[in-house]
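Since each chain comes alone in its own frame, lean on the hints to assemble the complex.
The primary structure of each chain is shown beneath.
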Amino acid sequence: MGIAKKFQQVFSTVPMLGWFLGILTAVLIEYFWGYDYISYYLGLPKIPVLFGALIMLKEPMMIPGALAYDLIVYVIPVLAVAKLSSVFTNPGAALLEKLPLWLSAVIHLVCFYAILHLWAGINDYRVLVVKLTLVSIILTVSVNVINGYQGEFSCSHPGFMALGAYVSSILTLVLFTNDKIFGTALLPPSLGPYLFPLVLVAGGAAAAIGSLAVAIPSFRTRGDYLAIISLAFMFIVKSAVENLNFIGGARGMGGQPDLAPLPVIFFWTLLCIWVIHNFVTSILGKALNTVRDDEAAAESMTVKTRKTKMTAFMFGAFWAGIAGGLFAHVLTYINPGMFSINRLAEILAMVYFGGLNSIVGSIVGAVSINVLGEALRPLELFKWIIIPLILIFVMIFRPYGLISFTEINAKKLLEAKHKRQQGVSP
Amino acid sequence: MTALLDVKNMTHFFGGLRAVHNYNLNIAPRQIFGLIGPNGAGKTTIFNLITGVYTPTEGEIRLENKNIKGLETNEIAALGLGRTFQNLALWRHMNVVDHIRMAHYSQLDYGLLGAFFNSRACRDQENQVRENAHRLMQLFDIEKYADDLVTSLPYGAQRRVEMARAMATNPKVLFLDEPTAGMTPDELVKMIRIIRQVHQDFNVAIFLIEHRMKFVMELCESIQTLVFGEVIAEGPPEEIQNNPQVIEAYLGKEDMT
Chain A
1 MGIAKKFQQV FSTVPMLGWF LGILTAVLIE YFWGYDYISY YLGLPKIPVL FGALIMLKEP
61 MMIPGALAYD LIVYVIPVLA VAKLSSVFTN PGAALLEKLP LWLSAVIHLV CFYAILHLWA
121 GINDYRVLVV KLTLVSIILT VSVNVINGYQ GEFSCSHPGF MALGAYVSSI LTLVLFTNDK
181 IFGTALLPPS LGPYLFPLVL VAGGAAAAIG SLAVAIPSFR TRGDYLAIIS LAFMFIVKSA
241 VENLNFIGGA RGMGGQPDLA PLPVIFFWTL LCIWVIHNFV TSILGKALNT VRDDEAAAES
301 MTVKTRKTKM TAFMFGAFWA GIAGGLFAHV LTYINPGMFS INRLAEILAM VYFGGLNSIV
361 GSIVGAVSIN VLGEALRPLE LFKWIIIPLI LIFVMIFRPY GLISFTEINA KKLLEAKHKR
421 QQGVSP
Chain B
1 MTALLDVKNM THFFGGLRAV HNYNLNIAPR QIFGLIGPNG AGKTTIFNLI TGVYTPTEGE
61 IRLENKNIKG LETNEIAALG LGRTFQNLAL WRHMNVVDHI RMAHYSQLDY GLLGAFFNSR
121 ACRDQENQVR ENAHRLMQLF DIEKYADDLV TSLPYGAQRR VEMARAMATN PKVLFLDEPT
181 AGMTPDELVK MIRIIRQVHQ DFNVAIFLIE HRMKFVMELC ESIQTLVFGE VIAEGPPEEI
241 QNNPQVIEAY LGKEDMT
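Same order as they appear, the protein sequences are chains A and B.
Just so you know, we're using the numbering used here here: the first sequence kicks off at 1 and counts up by one.
Just so you know, we're using the numbering used here here: the second sequence kicks off at 1 and counts up by one.
Bound-form chain B, shown alone (with noise of 0.2 Å):
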């Protein structure tokens, strides 16, 4: 199995602390793989080092086995990489159909002339991605604000702003960090259905990081344990609910109920 995004040997270190040790990752193309760990641990570090907002002190990073360690960040989203973040990052100012819209920027090519002088080359192109925005946003149910600014919008359908988003850069890999923070139980739901859907229709391999058990064992295929920057455990999620390690260092010494 080709994997599409490799990780080997990464380490990291802010100043003397090392928050990431010898860390690895595969993620074969279609996968869903969940990432855990108690608070602290290194799980938002990990996606912060592998989508280029810092660069790791040692280690390898590939995608499709084009190496990305040292890139920009913008570069490596526009290579397929995209992401949401943990604290909703949504542009106040702006309404939905421009975050979808924006979102679309490494896929433009009619240059800033064409932009000032309104050139036919930039017609289409804004035109045909105007056209993609609404396909995202009925995909993902916030068709309805289109217009609206981002800040008025119900917790749940900002999250889904976000995903649209994401989706917009036209990932092959797709980053969410604890996607379901903050939501009612009804929410969970309608999102596991919306990351099954993405899962779907868009042929990503997604990546995911979550507190919450019940979501990550009902969509994960694999799943990895993060204590302290270093990977515990790794594996199926049947086996990681039994790992006597994860349960202590995780979820705690009692019975899981």
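Looking at chain A on its own, in the form it has when it is part of the complex (with noise of 0.2 Å):
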């Protein structure tokens, strides 16, 4: 406890562009000497390409060579260069904070746009890694929205994905490919990327619209009649879509063109994290927490309840559309059995570990599940019972998840600590 404290006290003068300064020197680093010399003199076949994690648990005898490996591209350059660079980073974030807050933010999201890009461009593996897991952001994001700003109980949601994944592909494979099924294109291929988002925003609406046949019978109810209803939604949408042989049935549905780079994903992902931000901190938002709390108070107190719910599940469902989309477009190729039982327990994981009625709280949620499933990738039937009792445990000693019911503050965030750099002679 002693060190973690001294730790947080040397490292709390540091700001937000500092860590970036200091994640950027480690990627590059691992750019320009991770495999030519760091990894070949430290006995590894190749870059350890989820920070050692595979290559520990496949090989034990590499343990010491990828700790190493961490120790010397990650962590010491990250810690050394925020640390150092803090003189001249915390007078550089007061100068951003003179801008307005969205311009500071913009450019950190820039900042960290290249920095993530330059770290996953080392290998296709780590690109589909980053991909996946942004995507699972979108995806545990709007399940938030559900199931702990509105406290409700939806197991729907991959239903709306698979809806928002198959119109999506549907309508790609159509526009701009020839495709075996649905005939040469209609448009040019090379207007694709233009109007990629138009097509994601019609699986979106697809998902929304099909949230309907949920909200409407099942909101006259509360709790465990909404689970089993979005329950049987889900599977109602898995056995219509192995039957009609257009689609590709159970075999599922290849060929869509590779629209989703990983700039692409990035935007949406973070265009969802602002656009939930700002419904979810607005008086209309905060209308789903009131709901959930007390729905008596919420009418007494003039809120329109069922308008509010019936919003809040359309809105969620459309971002689990457009995730749906994305997902289909970064692996062209989509199966029914991908929506199914297996992924709705992804989710709620995600959802429940992260916490609930917190954005911060889903995606890192999102992201440490993911991290942990390609991690462990190698126990095989081990993972199943490491990630479980990880799990439990969040249950038994944090129950809302581990960082619920906080909502992120980008000026503090991003503001610089100079305050206290006084205090602590650099």
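Please keep in mind that the hints were generated in silico from the structure rather than gathered at the bench.
From the three backbone atoms N, C-alpha and C, an ideal C-beta is built for every residue, glycine too.
Treat the hints with caution; some may be incorrect.
Selected chain B positions facing chain A (Cβ under 8 Å, derived; list incomplete) [claimed, not checked]:
(1) Thr73
(2) Asn74
(3) Ala89
(4) Trp91
(5) Arg92
(6) Met94
(7) Arg101
(8) Phe117
(9) Cys122
(10) Glu126
(11) Val129
(12) Arg165
(13) Thr169
What follows is the structure in structure tokens.
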């Protein structure tokens, strides 16, 4: 505990910009010397993709090498650069503070994206993991609107995701590709990237309309009933798709054009987080919380509870549809089995692990469950013992999830830490 | 005198049980009106009927000469009936300032898209609401709790949060369901002061249910006594205090102290 406190004290003077600089250094070190020098001298066969987790679990002999790699490439450069650079990153952050908040946020996000792009660009596996993680973030945040902010227990998200995935896939296949089933492309494929947002929105809209099938009958009741109806909805969608041969049935549907490179997915993730953040911090969105905590009181305080519940459900479904569309175009193949009970378990795990009623929590949940899932892949069956165990412990010690009931405070996150710096000399 | 809130011949059945029978109410602007009666007399039911939680089986309810019977609770509330609850109905995961902000729901018109994209209208209106919320919190002496969860507040403060929240809906008539239930004598005195102040500052009529005689006698201009869903007496406090029927039904047969 003492060490952690000391650590926190030493690094409390580092602004976000300083951390970015540290991570950038680490990524650059890996980019230039990772393969040729560092992993070569440490006796590793190649650059450890996910911080050496895979290689450590596969070959225990490699553990010291992989740990040393992490230390040399990530831990030491990040900490050293972050701490040392705070001399000039703090004035830099103070300068950015004078700009409007949104501009400062955009600058930070561009830096963040550059780092992410560089880190992921080292190999294709990382790109895929990052893409799927971003899609999971959209999905988790959208589930949190219903299961967290509104406090219902909805199980239909894989169904919404499937609707979004299939509708957007059909659209791109019809419009931009020469497909066996749908014939020649209606539009020149070069238009694809420009019209892709519309395609995604169409997928999202389909999911939102589909969600009415759950929302209308179930919102007269609460709790368990919604869970059952929404679960049924998920299975109906899956069975329906399995039995529709023109979209591939159970064999699935492939050949989507690769319209979802990393920047596109990153953009949609940010858009999703921004819109949902705006919504849940506004009074219209806070109405969800009042419906959850005491519906009668909400009504008496002029809140239109039925409209609120409906909106939230459609809104959540819309983003699930967007996530589905992106998912389909990342993998360029989908089948109904992907949108079944396994996916549901994964989504719910991410939401409840990360934290209810919190966007930060959802991001943390999505990233940790995804990365953990990938990192523990070599353990095969044991992975499905370890992850649930972690979940159980989270549920025991933090019943609402790791980071619950907290909102993003961009101003506080990005501000310079120079006030405290006066006490601790650099 | 034109009535602000006018209830005529309201009767309500729960299945075969007649909960309220032939109830009449006439509240003038700026009047403080009390409703007393033994447990189970139907006082809270009357509140719920007028505020639209239940729709009365028979009768007529008019607010400023506009029929409000059969409207949804939120519509009635938006038209100007604010209320508090007998057993506090606060939102347990929300902080105090959010409670007050939420009650401005019907006064916003920036729409969903405005909320999604944080439009200028949305920001302006939300800022205005925030200012108003702070003003209300000052008035009710809960500003120091602004960022605390309501569940962590002392009981009296929770009651005041509920009052402030009801006032934020901009009511014309404020319904208080046992505002002093479970309060200490000190808190009771404070509550009387606050209700007086609200009455003065906001220009509202107040309709309250109460058990403590001291409180009712001190505040109300007119009182109804309800027994088994029927009004047995109505009039100014002194009259009610000395009405033998009321004493028998409500206060017991012995001499009042």
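We went through each hint and held it up to the structure:
Below 8 Å, beta-carbon pairs count as interface contacts, and Thr73 of chain B has one with chain A at about 4 Å; its hint therefore holds. Satisfaction of the interface hint for Asn74 of chain B is found here, the shortest Cβ-Cβ separation to chain A being roughly 5 Å, below the 8 Å cut-off. Here the hint on Ala89 of chain B is kept, as its CB sits about 4 Å from the closest CB of chain A, short of 8 Å. Annotation: interface hint on Trp91 of chain B holds; nearest CB of chain A at approximately 4 Å, less than 8 Å.
Interface hint status for Arg92 of chain B: upheld, as the beta-carbon distance to the closest one in chain A is roughly 5 Å, under 8 Å. Annotation: interface hint on Met94 of chain B holds; nearest CB of chain A at approximately 6 Å, less than 8 Å. Satisfaction of the interface hint for Arg101 of chain B is found here, the shortest Cβ-Cβ separation to chain A being roughly 6 Å, below the 8 Å cut-off. At its closest, the beta carbon of Phe117 of chain B sits 7 Å from a beta carbon of chain A; the interface hint therefore holds under the 8 Å criterion.
A hinted interface residue such as Cys122 of chain B counts as satisfied when its beta carbon comes closer than 8 Å to some beta carbon of chain A; here the least separation is about 6 Å, so the hint holds. A hinted interface residue such as Glu126 of chain B counts as satisfied when its beta carbon comes closer than 8 Å to some beta carbon of chain A; here the least separation is about 7 Å, so the hint holds. A distance limit of 8 Å between C-beta atoms decides the matter here; for Val129 of chain B the minimum to chain A is near 7 Å, and the interface restraint holds. Given hint, Arg165 of chain B at the interface with chain A, holds; its Cβ is 6 Å from that chain's nearest Cβ, closer than 8 Å.
With a cut of 8 Å, the hint placing Thr169 of chain B at the interface with chain A holds, because the nearest CB-to-CB distance is about 5 Å.
Hint compliance for this structure: every hint is met.
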